[in-house]
Each structure stands twice: as C-alpha cells, then as structure tokens.
Amino acid sequence: MPKLIRNRQIVEDARPVVILEEGETAATIALPEGGAIVPLAVWQARRDELLAHGCFGVWLAGDQEPRDLADDLAQLQTIAIHFPKFADGRGYSLATLLRSRFGYRGELRAIGEVLRDQFNYLVRCGFDALQPAEGRYTDTQLLAALGSIADFSEPYQVSAAVPDPLFRRVRRAA
Amino acid sequence: MYRYDTYDQRIIDERVAQFRDQTRRYLAGELSDDEFRPLRLQNGLYIQRHAPMLRVAIPYGLLSSRQLRKLAEIARRYDHGYGHFTTRQNIQYNWPKLEDVPEILAELATVQMHAIQTSGNCIRNITSDPFAGVAGDERIDPRPWCEILRQWSTFHPEFAYLPRKFKIAVNGADHDRAVIQAHDIGLELVRNDAGETGFRVLVGGGLGRTPIIGEQIADFVPWRDILTYCEAILRVYNRFGRRDNMYKARIKILVKALGIDAFREQVEAEWVHLRGGPSTLTEVELERVAAHFIDPDYVTLPGDDLGHRRHLAESKAYAAWVKRNVRAHKQPGYAIVTLSTKHAKVAPGDVTAEQMVHIAEWADAWSFGELRITHEQNVVLADVRQSDLYALWQQAREAGLASPNIGLLTDIIACPGGDFCNLANAKSIPIANAIQARFDDLDYLHDIGGIEINISGCMNACGHHHVGHIGILGVDKNGAEFYQVTLGGSQGNNTTLGKVIGPSFGAADMPDVITQIIETYVAERNEDERFIDTVRRTGIEPFKTRVYADRQPNRKVANA
Ligand code: SF4
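Quick note, the sequences are listed as chains A and B, same order. The opening position of the first sequence corresponds to residue 1 in the UniProt record's numbering, with each subsequent residue numbered one higher. The opening position of the second sequence corresponds to residue 1 in the UniProt record's numbering, with each subsequent residue numbered one higher.
There is no bait here: all hints are sound.
With a straight-line Cα cutoff of 27 Å, these simulated DSS-like cross-link-like pairs (lysine-lysine) come out:
no., chain 1, residue 1, chain 2, residue 2
1, B, 345, B, 323
2, B, 544, B, 499
3, B, 165, A, 85
4, B, 256, B, 499
5, B, 316, B, 345
6, B, 248, A, 85
Think of the hints as simulated: they come from the structure by calculation, not from any bench. Since this is a predicted model, take the numbers as computed values, not measurements.
Pulled out of the complex, with its shape left as it was, chain A reads as follows (with noise of 0.2 Å):
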C-alpha cells in the first residue's frame, strides 16, 4: 500500500491516483471502489458522482488554474499537486495560492516526482502530505526523511505555512 506522510508521520492510503491515460475521458474513465485522487477534469465532469461516492480527492497538474476550485475547497478533503519533476517549482505557487490566497484547509498533497531534500520547502508552502513515488524510498529511509522537513528552523521569510516573515515573527538585536 503507498505510504506517504501526513503531518509528520507515516501513514498508508489505499485511494490510487487516477490519471486519464490516452483514448480515456473524463467522463468515461471507471473510477476505482473506495476512492482515489482524481484529474481536475474528472472532478469538473462528475462532481457530483464524486460527492455522493466520498473519499475522493482532485490533483492539479502544474500549469492549472487553482482558482478552478475556489468554489469546491469546502468539500474536498484532499487536493494533491502534482510533481512531474522535482525541479518542477510551479507546484509551490499552486499550493501557496491554495492556502493563502483561497484559504484551503484540507489535506494538500504533494504527489509525483516528491523527494525528501524539497520536503522543507514543501512544507513551508503549505502541502501537509508528502507522497513519494512507490518504491522510492524504503521504509527506513521514509522514516530518516522525516528530518528532512526540519532542514531550516527559522525562515526568514512568509509563506504559506510560515504567516510572518522573521523581522516580524522574532526581536531582532541591532
């Protein structure tokens, strides 16, 4: 089962992450029993499918429009960004957005390309839950990479997890 962090600890979900491989559609596609993480798309054709069924979450690819779901953020549980490469930074603007400019609550996940060494930038934009690609990580070094998150204790800047900058948060001696 795919495990992945959820607020700093190791957790397991079973829900797949659905992606419309070609000759599928949004409207077609069968969706797994039990949930899953689906296409934006997806979500837009069969919204209320979805709902009635539960357990459902949306990903965003990262040239998506977050603003697509201002309107749906109450009632999604899970929206997952995700990381086609992780030197692929447009993600952390996504989930920024998400949290600070439409007030996202629920779970954001970060899923792709997910490696421990971006997990504190991660964090600091506001994902939640890290979901490396399976099998990238054996249990062991998921659980060293929950240092990972720590790497800077002190930000000197805002972000999304982060809501004062140092100069604002910390006396600073001259």
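Please build the complex by placing chain B with the ligand on the supplied structure of chain A, with the hints as guidance.
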C-alpha cells in the same frame, strides 16, 4: 558591513548540516546524479573539467579582512592556492574535492559566509555598486536593501525551483555601476516628489544567448512594498515562465512573449493580494539593517594631502596609478582605491592566497578592515586616507596588484572559459593574456583611454561580452576554437548591446584584430573622443573594413 545575529548564523549552520547529509547520501548512492545536481548547484558546486568548481557568495561584493583571510586559507588547504573573482562579485575555486565541500562550507560558516544560491534555478546572489556608501554620486545607499533582499531570497521556499536562474541588482547612484539593465530584476533606488524612498523597477534584462535590455515595469514602488512587489513578479514567472526549453526559460522571454504591458498587468493583479501583507517592510527592520552600514569613523582631514601631492609630482608611475585606480571619495581626505587583478601573466580575476592575505592586511591597516569585489573582477579598498595611498601603492606594486589600468583596454573582463568550464566553446584566459601582452605600453594605453573588453567562452555570456565596448565570444567552428567580435556594447545608465563585425577569427589573430580596431579608432577619433563614442558616431563600418581588409571572409556571420 552586515554582521550576522543568531538567526542568520543558525540558518547557514543548518544549511551546512543539510548539505553534509546530502553529500553523504549522494556518495552512498542514495541520491542519483540528477537528484543531487540542483542541490549541489544551489550550494555553488559545479562538476567541471578538472574537478568540481565551488562558487562562494560574496553578498553584493562586500568582504571583511577576516573573511578574506578565510578565503585564502581555503585556497591553500582545499585548492591550488588561488581563487577567481567573478563578474557577479563572487569567488570561485577551481580545484576542490566533492568530499571536502561540506567541510569548506562549515569553514565558511565560521566567518558568516556560504555558497547559498550561487548557482541553480533560483534567486542568485544580489549584486550592487562596488562604491556603495562612498561614491559622491550616490543618492541612496543600496547596501541595506541588498541585505534585506538577500535575507528574503535565501531559501525562499516558493522560488527555489524557478524555470531558470534569476539575478537581481540594485543601484542607488546617478551612474549605474551595477548593470541593472542586464538583470532579471533591476532595482534603482529613487525618491519621489514627496521625498520618499522607493524603487524604479526594471524587469527582463539579461545577457546570454538572447541578450535583452530590461524594461521598466514600475516607476515607483514604495520601499515598504518592495518585497511583495518582487514576490508578485517571481510568482508570475514561476508559474508561467517556460520550462520546456532551457534557452527560452529566462524571465526576459516571458516578458517579451507577453509584452511588458500585459506582463505588468499580471504582476499588478498578483500584487493586489500581496501588497500590505506581512512581507511589508517595517521601519524597525530597515533601521536594524541600515545600522550595519553607517559610515565608519572618518577623521576630519584636509581635502588635499600634501605628501600625496608631492609624491604625485615626483613619481610618474604613482601618478599614473592614482589617475586610473584612485577615485574621489565623498569624505574629504579619503580615496577609493581599486586594486587591479589584470596583467598579462594571470587570468583576469585570479588572486593568489598570498595576495588575499596582503589585501586583508592593507584593509586592516588602511581601510577599516573591509573591501569589495567589483563586477570587473577587481578589488576595492573603499576608505583609504590620501596620506596612506603612497604606502599602499608601493606594497600593492610589490604584490602584483597595482597595474595602473582600471577602465583601460587591459582591464579585461573574462570568464574562466575553456580552461576550466565544461560549457565553453573556446578558451578565454589566453586570449585576454595575449591582448594584455600586446598592449603593454602604458603611455599608449593611457592615450587610447577607457576601453572595455569583455570575453565569454560561450553564449552563456558569463564574461558579459555583449556589453563590452569590444566583445569577444568564443564560438565552435567544426570543433576548432574561434572568436566572434562585437563593437559598441556598453554598460551603465545607457546599456547597449554590441554589434557583430563579421566572421570569426582564430585565436592567433586576436591580438592583431584588436590592434587594428584600436588603430582605426585612433585614425577616426575626434579630439578627446572616447572609443565608445567614436564607434557610436561612425558605426562599425570603418572598423570592419580595416579588420577584414587583408582577411578573406571564409564564413557566414553567425548570430549577426
Ligand atoms: S561564458 Fe560559457 S565558457 Fe564562460 S564561464 Fe560561462 S558558461 Fe563557461
């Protein structure tokens, strides 16, 4: 200069620990090459021709003597006894071992230094005016702003994986010595009609493969809002900059594609949400940072030192050095000294560990223990009493740091090029040295006056060839090293890009080509006309005609 508090120190100490663990995991095979690459680049570490190259940050070019001594120690212990100052005011070591880098970073952290974000697709070291705080034409001291921006950009979690590198420069003087028009964001400190401090903001400048002069996006952003405004620019870029083609990934391409007006609209739409938010700067923070940059304890001196005057009259060599390498200081009786790293025997910007130690001693004795690195790859002692200049000159001469050539033809800017850099098409350093050797007649050099030659070993333009009065670009011609020459580039308030004069030349031809260009200038110039002004007035034709007169053009012009 800025001194770390416990928070600053903790952040760089945590960085050392992080990179130590990353290096360990890489060497243990837990991190792939691809996964490790951005991590090491964001710590300034390249894998180069001979060995890794480590680029250490010198934030906006400022160093203390203590820091320079540490750089010398690192050069001796981990390198071949020298370092290379870059056009972005940083220092590079060409020979460290990968396994040693965590230890080098730990050493640097003991003197409040680091290699953070000196490479990679992130916000790079902020650059500025090497004469900040001492120049007579300064309106507003840029250094506190550079430091505020340094802190804001250090490990900014949203902007660590941008489409491409991102460079910010700040200028606060009438004359722009920070080349702000050639930066992703160029910030010019200004006052509005009400006397409030703010920034004129340029965006989308940059050299490289597609050189573009930055355009104005805002004529006045109040100082409190500068971080939120930069954040808005960066967010638009991070989301919409191209990631499919690294040659089209700089912000300049996005700005060009959208047009400055549409780009501005997007930034403003983003800024509406950020403006006034918690990133808004406070008086308290500005004062805290600015307190680190108050004037040192200058003593009251006569504007004109008699001993200095006498030496000027008695020694032609001293007078020549003062003329080129010493500038007026805002404080009477003080002077700004530029130590030249340029002569025919060394690579431009190279300084040995011994020289570093000397410079540190001079800084302690004569310049309040501080120094600066310039975009032109030289070293500045910014607060020297006129009465100490002669002693400094004598020692600098002994140490090989007193070439009286600042701003002259032999003060060549050059990137490391093919001797060190993997990306190079051709070598840069031997070309610089050959030209310097050709123009070794000081009287002639002074007669032809201010001429800037910039050399890059490839399109990446680390040697800023586009903005050299004479630009030299290494090109690859069927596997052989050739050089393309541009004329008429310039940096400063009216930055211009040079024009290619024609087909490229072999390395052996380059000193002749430069000689012919200079002879053409001497023949064409009006009285007292500077080289760049002659080129602007006549265009490149006369130069082209002369240079190609006895050469057979054998190739179509590349990138004309
Ligand atoms: S211009 Fe090219 S050759 Fe020179 S340092 Fe930059 S990348 Fe290397």
